[in-house]
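The residues making up each chain are set out below.
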Amino acid sequence: MDLRNLTIDAARSAVAEGRTSATALAESYFSKIESDDPAIGAYLMLSKERALAKAAEVDSLVRKGEKLPPLAGVPLGIKDVLVTKGVRTTAGSKILGNYIPPYDSTAVARLETAGAVVLGKLNCDEFAMGSSNENSAFKPVHNPRDLTRVPGGSSGGSAAAVAAHMAVATLGSDTGGSIRQPASFCGVVGLKPTYGRVSRYGLIAFASSLDNIGPFAKTAKDAAIMLHTIAGRDPMDSTSAELPVPDYVAELEKSIQGMRVGVAKEYFGEGLEAETRAAIDSAIQKLASLGCEIVEVSLPHTKYAIPAYYLVATAEASSNLARFDGVRYGYRAQGVTSLSDMYRRSRDQGFGAEVKRRIMLGTYALSAGYYDAYYLKAQRVRTLLTSDFVEAFKKVDVIVGPTSPTPAFKLGEKVDDPLAMYLADIYTVTANLAGIPGISIPVGNSKANLPIGMQIFGKHFDEASILRLAHAYEKTR
Amino acid sequence: MKVTAKDVAYVADLANLELTEQERERMVRDLNSILGHVDSLSELDTSDVPPMAQVSDRFGLDDSRQGSDRFAYASRDDAPEGLRKSLPHEVALANAPDADGTFFKVPKVIEK
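So the sequence lines, in the order shown, correspond to chains Z and R. Here the first sequence is numbered in the working numbering, starting from 1 and rising by one per residue. Here the second sequence is numbered in the working numbering, starting from 1 and rising by one per residue.
Careful, some of the hints might be misleading.
As the list claims (entries may be wrong) - Computed cross-link-like contacts, BS3-like style, restricted to lysine-lysine with a CA-CA straight-line distance of at most 30 Å:
#  : chain 1 : residue 1 : chain 2 : residue 2
1  : Z       : Lys48     : Z       : Lys85
2  : Z       : Lys447    : Z       : Lys410
3  : Z       : Lys139    : Z       : Lys85
4  : Z       : Lys447    : Z       : Lys286
5  : Z       : Lys303    : R       : Lys2
6  : Z       : Lys414    : Z       : Lys395
7  : R       : Lys85     : Z       : Lys48
8  : Z       : Lys85     : Z       : Lys265
9  : R       : Lys6      : Z       : Lys414
10 : R       : Lys6      : Z       : Lys85
11 : Z       : Lys414    : Z       : Lys139
12 : Z       : Lys85     : Z       : Lys64
13 : Z       : Lys94     : R       : Lys108
14 : R       : Lys85     : Z       : Lys85
15 : Z       : Lys475    : Z       : Lys32
16 : Z       : Lys64     : R       : Lys6
17 : Z       : Lys265    : Z       : Lys394
18 : Z       : Lys265    : Z       : Lys447
19 : R       : Lys6      : Z       : Lys94
20 : R       : Lys105    : Z       : Lys414
Since the hints were made in silico from the structure, they are not lab data.
Next comes chain Z alone, as it looks inside the complex (with noise of 0.2 Å):
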């Protein structure tokens, strides 16, 4: 089987129809993550015994002629911030660096009912903390389309897996662009859901207000069959939301005649890269052709929500990590003193740079005197942000604009610089902020062939729309 070609849907049938097992599937999978993955380090753990197990079920199905579940036999990977009963899982730190979960997340446990494969454990910056998959404790990801370069981040062993057709499709997790922005570097799909789409139960939570899971395929139509699975309320995540699960793939092919696509002048202005901003416009201009109608739109506070970002983000992370301790779990410290001691030093030797930093700058914010100042002025400013949304849809269906300001940088590039590292999410964390759902869709490659995406945020809970959108334009490629 060519494993370049394979969507969901070609995987399904060929396991449904008994061109290949859900067995040999697998196994070809682990022998191309075997061949391929040393120059990449998209994958930091394998769980072939649970892989084959659900194949060999899979296949039992099969030879008896019942009815398939949705995603049977399909081969999928899973990152590391996860949680997989029984398969290590480490959200990219030492501080869980032998961690075995005892239950897991609802999103794999739906995955794996609908029939899904589970690979093994994807590579991600450290507590999903970073921008290009250079914070992981192990090692980091080399983007599959020009290896001395990053997949970007955090979930960049989620898209580079896609991308080098070690899994047919993976989860990944979106805090301030954490899928959407290694989609556009690797040129595969990602799509964050609209804030309680999608249980966070067994996601390992960086900020609880701001984290989302949501899938990596080739097409629009992958990610909305894994999102179809995903979604959906569950009672052990109280911020999932009680809302029905559209059809999403059915919605794919609704029309887009007509369809009010805003472009935001904000994401137009400088520090936007020439190329980047040639392969958006041809694909504005090609959405227009398809009868879409362009309307200009402005989210006049566009250019503070990195700082707001950055306080209410780092906040919500220095609590989340504060149970990161050596007591139940993790990583303790030998030779220490006292209770205190092993608490400080565990949680120093255990965590990375990265994460000392933003539980640094959180604690701050946090702290008596600064309070007000710094995370109730980002709490109001995120209203603000929400607001230049909630606007704007009220003119246009979907607004669309560039996922990053650049193509993929060099590995080492930024890692000196935090702030600069920070400053290239400037069109990915305002969706985080106002809890709304967002595609990156591969759209083109700058002349050293790196990929391109285009960004299309949508309405709160309207993920249809912005897949619709996002199956049309590939339709044209």
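Following the hints, complete the assembly by docking chain R onto the known chain Z.
The following block gives chain R in isolation, referenced to the frame of chain Z:
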């Protein structure tokens, strides 16, 4: 300079991080760089703007109710086993760096 070495030491205490000397120096630099950028928020007049702690503050509310009951799906009935059985004891202890089969073991809390 806004953030001093003393501030870094204080915040590191709050965050329970035993930073090395090198880390503390680097942190003074990095925090100042980031906070310098963050200061741009003070350009905005937000005196009349309510803070937004979470996305559901803007939608998904049941406005016929009061207070946190407005988050219509945030609470459920109290049930004896809750939503599912708790973890068995030995499973809960399985990842412990040090345990005695009953308790998690840690260094002495009270020094005398």
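Next item on the list: Please name the hints from earlier in the document that this structure breaks, with their numbers sorted from lowest to highest.
Entry: Checked against the structure, the hints that fail are numbers 6, 8, 10, 16 and 20, while the rest are satisfied.
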